Every structure is written in C-alpha cells, then in structure tokens.
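Chemist: Residue numbering for the sequence shown follows the working numbering, beginning at 1 and increasing consecutively.
It cannot be assumed that every hint is accurate.
BS3-like cross-link-like pairs, simulated, lysine-lysine; straight-line CA separation at most 25 Å [as the list claims (entries may be wrong)]:
1) Lys319 to Lys133
2) Lys112 to Lys186
3) Lys209 to Lys222
4) Lys297 to Lys281
5) Lys133 to Lys160
6) Lys133 to Lys112
7) Lys394 to Lys361
8) Lys209 to Lys239
9) Lys318 to Lys284
10) Lys352 to Lys388
11) Lys388 to Lys239
12) Lys299 to Lys319
13) Lys319 to Lys297
14) Lys129 to Lys319
15) Lys297 to Lys280
16) Lys361 to Lys351
17) Lys299 to Lys280
18) Lys209 to Lys160
19) Lys281 to Lys239
20) Lys297 to Lys133
21) Lys280 to Lys319
22) Lys280 to Lys318
23) Lys361 to Lys239
24) Lys299 to Lys160
25) Lys284 to Lys129
26) Lys299 to Lys129
27) Lys160 to Lys112
28) Lys222 to Lys186
29) Lys281 to Lys319
30) Lys133 to Lys361
31) Lys318 to Lys281
32) Lys160 to Lys129
33) Lys297 to Lys160
34) Lys281 to Lys299
35) Lys318 to Lys361
These aren't lab readings, by the way, just hints derived from the structure by calculation. Treat the numbers as computed from the prediction; the structure is a model and nothing was measured.
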Amino acid sequence: MNVCGLIVEYNPFHNGHAYHIDQAREIANADYVIAVMSGSFLQRGEPAIMDKFHRASAALSAGVDIVVELPYVYAVQSSELFAKGSVQTLHELGINRICFGSESGDIQAFTKAYHEFTENQNQFQLQVKQSLKEGLSFPEASRTAYELIGLTSKEMDLSKPNNILGFSYVRTIFENNLPIEPLTIKRINSNYHDTEITSPIASATSIRKQIFEAQTSLTDLKFTMPSSTLVELDAYQIKAGLLHSWEEYFPFLQYRVLTMPTDELASIHGVVEGMEHRIKKTAKEARTFYDWVDRMKTKRYTWTRIQRIFVHLLTNTKKTEIEYFTTLPSVPYVRLLGFTRRGREYINTIKKQLNVPLYSKLSRNIHPMLEIEERASNAYYSIIPTLKRIELQKQELIGPVLHT
Numbered sequence: 001m002n003v004c005g006l007i008v009e010y011n012p013f014h015n016g017h018a019y020h021i022d023q024a025r026e027i028a029n030a031d032y033v034i035a036v037m038s039g040s041f042l043q044r045g046e047p048a049i050m051d052k053f054h055r056a057s058a059a060l061s062a063g064v065d066i067v068v069e070l071p072y073v074y075a076v077q078s079s080e081l082f083a084k085g086s087v088q089t090l091h092e093l094g095i096n097r098i099c100f101g102s103e104s105g106d107i108q109a110f111t112k113a114y115h116e117f118t119e120n121q122n123q124f125q126l127q128v129k130q131s132l133k134e135g136l137s138f139p140e141a142s143r144t145a146y147e148l149i150g151l152t153s154k155e156m157d158l159s160k161p162n163n164i165l166g167f168s169y170v171r172t173i174f175e176n177n178l179p180i181e182p183l184t185i186k187r188i189n190s191n192y193h194d195t196e197i198t199s200p201i202a203s204a205t206s207i208r209k210q211i212f213e214a215q216t217s218l219t220d221l222k223f224t225m226p227s228s229t230l231v232e233l234d235a236y237q238i239k240a241g242l243l244h245s246w247e248e249y250f251p252f253l254q255y256r257v258l259t260m261p262t263d264e265l266a267s268i269h270g271v272v273e274g275m276e277h278r279i280k281k282t283a284k285e286a287r288t289f290y291d292w293v294d295r296m297k298t299k300r301y302t303w304t305r306i307q308r309i310f311v312h313l314l315t316n317t318k319k320t321e322i323e324y325f326t327t328l329p330s331v332p333y334v335r336l337l338g339f340t341r342r343g344r345e346y347i348n349t350i351k352k353q354l355n356v357p358l359y360s361k362l363s364r365n366i367h368p369m370l371e372i373e374e375r376a377s378n379a380y381y382s383i384i385p386t387l388k389r390i391e392l393q394k395q396e397l398i399g400p401v402l403h404t
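Taking the hints into account, I'd like the entire structure generated from these sequences.
Modeler: Shown next as structure tokens:
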C-alpha cells in the first residue's frame with residue numbers, strides 16, 4: 001500500500017488545502033492519505049479558529065482518510081520540534097511518503113540543501129551563535145547562517161516559511177533514517193503571510209483577517225473554501241457562540257500574569273533571560289492582546305516567539321515538561337481525531353503492528369503527555385460560556401469523528 005502523510009493545521013481548511021490533498025494523492029499514488037494536525041493551539045502560537053474536531057471533520061469531507069493529533073508539546077514549537085513530532089507520528093502509522101507544500105516545489109532542491117547543510121553544519125552553528133550574541137532573533141540568525149552557506153538562493157530559499165518547514169521535515173526523515181520518501185508541491189497563487197485575498201486560493205492568514213478584522217461574513221468568503229468548511233465554521237460558531245482569536249483570551253492571560261509570582265512565571269516554557277520582568281511590566285500597561293505583544297516585541301524576540309510564550313502561559317506549560325517529553329526518542333502514542341470508513345479499514349489493518357498505543361479519546365492514567373493535552377483543551381474552551389463549553393468538551397471523551 002502507498003500511504004501518504006500530510007502535516008497540517010487547517011486554520012481554517014481552504015481551497016489551497018484541497019489542492020494539496022488532490023496533488024498529494026496523485027503524485028504519491030496514494031491508497032490512503034493521513035493528516036497529522038495541530039490541536040487547540042498552532043505552531044506560530046495562536047488559538048485555532050475552531051476546535052480540532054470541526055477542523056478534522058472539514059478535512060475528512062475534503063478527501064483525507066484519517067486525521068490524528070500532533071501533541072501539544074510538539075505543536076507550539078520551533079520548526080525542528082514541530083517537524084520531529086509530525087514526521088514521527090506519521091511514521092508510527094506506517095506511512096511511506098510525506099507530501100508538503102513549499103515555495104520551492106522541487107524535492108531535489110530540498111535533498112541537495114540537506115546535504116549542503118550537513119557538510120557545513122559547524123559553520124552554520126557558529127554563525128547562529130554569533131548572530132544571537134549580536135541581538136538578532138533566532139529566525140533572523142538562522143536566515144543569516146543559511147545565507148552564509150548558500151541556502152537562500154532562488155533554487156532553495158530558506159528564508160521562506162514553507163521551505164523552512166519542508167526542510168525540517170526532510171532533515172527529520174534523513175537524520176532518523178526513516179523509510180519515508182519526501183515529496184513536495186509548489187504553493188500556488190498566495191504566500192503564507194499574504195493578508196489580502198486576491199484569488200480563490202487564498203492564505204489562511206488572509207481568510208482569518210477578513211473574518212476578524214474586516215468582519216466579513218462567512219458567506220462572502222465561500223469562494224475561498226470548500227462548502228464543508230463553511231458548514232463546520234457555521235456549526236462551530238453556533239455551538240460555541242464565537243470563533244477563536246487571541247483577543248478573546250486577553251483578560252484571562254492578563255489576570256494570570258498579574259497575579260502569579262515572578263518565579264512561577266520564570267518557570268513557564270519559553271520565558272528566558274529575565275523575560276518574566278518584561279512580561280509583568282507590560283501586562284500592567286497593555287490594552288489589548290496585540291498591544292501587549294507589540295510592547296513585548298524586540299529585535300531579538302519576534303511576534304511568533306512571544307505568542308508561543310503566551311500560549312504556554314495560558315496552558316501553564318513548564319520548561320521541565322517540554323524538556324522531558326521532547327527528548328524522548330519518538331512520540332509515545334498516536335491520538336485519533338477522525339476517519340472515514342476507508343480510514344477505519346486501514347487502522348484495523350495496521351493496529352496490531354503499531355509500536356505505540358493508539359488512543360481515541362482522553363481518559364485517566366493513559367499517558368502523562370495527555371495531561372498537558374487536557375490542560376490545553378481546557379484553556380482553549382475557557383472563553384466559551386459554561387453550558388456550551390461542557391457540550392463541546394464532550395467530544396474529548398466520545399472519541400474520533402466518523403465521516404460517512
């Protein structure tokens with residue numbers, strides 16, 4: 001069997017994602033397509049616009065056979081850890097190909113870049129350290145180092161967001177000698193950070209901007225998304241009374257920072273180099289979430305890095321927890337979020353061959369990493385009125401979405 005893995009967030013699922021699924025199935029000659037998806041909070045440190053079960057349902061409607069959850073400890077992280085958790089989760093499910101979107105669109109360029117990187121890794125690390133000492137952020141320090149060793153060329157530009165993630169996937173595959181063939185398709189029409197909608201294949205960033213800033217109705221955005229996404233967004237908005245954005249969490253986060261001891265704040269993952277004092281000071285002055293991030297942001301500490309810190313604050317995730325779980329040799333379990341009937345057939349075929357437990361719902365005493373997942377889920381739903389929140393959280397105990 002050819003089983004193709006996708007690494008996704010679907011925030012929300014749009015036409016570009018549908019194109020990715022169709023292309024991946026074709027070029028991988030895939031019998032099954034499995035997506036590993038971030039849960040409540042995303043790689044760049046943001047709450048998902050709707051919960052993971054509704055996002056999984058939209059993906060299943062559009063052609064994915066199985067959706068599994070990327071554990072929180074890998075999801076809200078740098079590209080290296082995000083890739084490690086994603087690729088290893090898919091490997092545990094027996095996939096033999098991974099297809100990702102990139103600005104490059106040329107898998108040979110990624111392979112070549114990996115070999116050039118390994119040959120110049122010492123030079124790369126020295127340049128990163130030097131740039132960090134000069135006050136650059138880690139992304140900027142990495143970009144400078146990639147440029148030094150010739151990896152910001154037109155052929156393979158590792159200053160581009162999807163290229164960076166794709167390169168991390170390829171590194172994870174090669175460095176762990178995984179029996180996975182990497183494949184890529186070229187991102188079309190819109191770039192990752194585009195904030196304006198100019199075609200039916202628009203970036204998720206631009207779609208969210210229209211929803212939250214321009215107050216555009218979901219109906220007016222229907223040309224950018226499959227109808228199944230609109231159904232899920234509308235259903236979730238009715239059930240929850242809202243779509244999730246950072247501003248909804250601002251009062252909770254501000255209260256938490258203002259009332260917690262400074263030494264406890266310093267124990268939160270991502271809070272380093274005395275940042276706890278800056279977080280405390282700016283919390284007293286901030287008027288909105290984005291005003292707070294803007295007050296926090298420096299040349300060294302990027303918007304994304306600060307957002308990730310705020311996610312870890314919201315979920316009370318400690319440095320010690322992340323350090324322990326991310327040093328494990330592989331992911332300790334796989335958690336199902338949803339599947340089609342074909343997807344269930346595949347699971348039934350392979351489940352006896354799995355090397356890690358396959359979980360379908362949260363329950364007590366199954367794995368300590370899932371305790372962090374439960375905290376993340378509680379934090380995510382905390383902004384929703386009690387009765388609506390209780391109803392939505394039942395899905396954590398019911399198990400995967402079945403798409404018929």
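Chemist: Each hint: holds or not?
Modeler: For each hint, the structure was consulted:
Distance restraint check for lysine 319 and lysine 133: the Cα-Cα separation of roughly 23 Å lies within the 25 Å cut-off, and the hinted pair is therefore satisfied. At roughly 17 Å between alpha-carbon atoms, lysine 112 and lysine 186 fall within 25 Å of each other, so this suggested pair holds. As the CA atoms of lysine 209 and lysine 222 are separated by approximately 15 Å, the hinted pair is consistent with the 25 Å bound. At roughly 13 Å between alpha-carbon atoms, lysine 297 and lysine 281 fall within 25 Å of each other, so this suggested pair holds.
Taking the CA atoms of lysine 133 and lysine 160, the gap is near 23 Å; set against the 25 Å cutoff, the hint holds. Simply put, lysine 133 and lysine 112 have alpha-carbon atoms about 30 Å apart, too far for the 25 Å limit, and the pair is violated. Distance check on the hinted pair: lysine 394 and lysine 361 sit about 10 Å apart at the alpha-carbon level, within 25 Å; holds. With a C-alpha separation of about 22 Å, the suggested pairing of lysine 209 with lysine 239 holds against the 25 Å cut-off.
Under the criterion of a C-alpha separation no larger than 25 Å, the hint pairing lysine 318 with lysine 284 is consistent with the structure, at around 23 Å. Restraint check for lysine 352 and lysine 388: the C-alpha separation of about 38 Å exceeds 25 Å, so the hint is violated. A threshold of 25 Å between alpha carbons decides the hint, and for lysine 388 with lysine 239 the separation of about 6 Å falls inside it, so the pair holds. In summary, the hint linking lysine 299 to lysine 319 is supported, as the alpha carbons are separated by about 23 Å, within the 25 Å threshold.
Taken as a hint, the lysine 319 and lysine 297 pair is honoured in the structure, with Cα atoms around 21 Å apart against an allowance of 25 Å. For the hint linking lysine 129 to lysine 319, the alpha-carbon distance of about 22 Å falls within 25 Å, and the restraint holds. At roughly 14 Å between alpha-carbon atoms, lysine 297 and lysine 280 fall within 25 Å of each other, so this suggested pair holds. Note on lysine 361 and lysine 351: the hinted pairing holds, with a Cα-Cα distance of about 16 Å set against a maximum of 25 Å.
Taking the CA atoms of lysine 299 and lysine 280, the gap is near 19 Å; set against the 25 Å cutoff, the hint holds. Taking the CA atoms of lysine 209 and lysine 160, the gap is about 21 Å. The hint holds against a cut of 25 Å. Under the criterion of a C-alpha separation no larger than 25 Å, the hint pairing lysine 281 with lysine 239 is inconsistent with the structure, at around 37 Å. Using a Cα cut-off of 25 Å, the hinted pair lysine 297 and lysine 133 holds, with the two alpha carbons roughly 17 Å apart.
About 18 Å separates the Cα atoms of lysine 280 and lysine 319, which keeps this hinted pair within 25 Å; it holds. Pair hint lysine 280 plus lysine 318 holds up; C-alpha atoms about 17 Å apart against a cutoff of 25 Å. The straight-line distance between the Cα atoms of lysine 361 and lysine 239 is roughly 21 Å, inside the 25 Å bound, and the hint therefore holds. The straight-line distance between the Cα atoms of lysine 299 and lysine 160 is roughly 19 Å, inside the 25 Å bound, and the hint therefore holds.
Between lysine 284 and lysine 129, the direct Cα distance comes to roughly 33 Å. Violation of the 25 Å bound is thereby established for this hinted pair. For a cut-off of 25 Å, the pair hint linking lysine 299 to lysine 129 stands: about 16 Å separates their Cα positions. Distance check on the hinted pair: lysine 160 and lysine 112 sit about 17 Å apart at the alpha-carbon level, within 25 Å; holds. Of the pairs offered as hints, the one joining lysine 222 and lysine 186 holds, with about 24 Å between alpha carbons and a cut-off of 25 Å not exceeded.
Our distance criterion of 25 Å between C-alpha atoms is met by lysine 281 and lysine 319, whose separation comes to about 22 Å. Straight-line distance between C-alpha atoms of lysine 133 and lysine 361 comes to about 45 Å, which puts the hinted pair past the 25 Å bound. Of the supplied pair hints, the one linking lysine 318 and lysine 281 holds, its CA atoms being roughly 21 Å apart against a limit of 25 Å. For the given pair, lysine 160 sits about 21 Å from lysine 129 by alpha-carbon distance, which is consistent with the 25 Å threshold.
Between lysine 297 and lysine 160 the alpha-carbon distance is near 21 Å, which keeps this suggested pair within the 25 Å criterion. Between lysine 281 and lysine 299 the alpha-carbon distance is near 18 Å, which keeps this suggested pair within the 25 Å criterion. For the hint linking lysine 318 to lysine 361, the alpha-carbon distance of about 24 Å falls within 25 Å, and the restraint holds.
When the structure is compared with the earlier hints, violations turn up for hints 6, 10, 19, 25, 30 and for no others.
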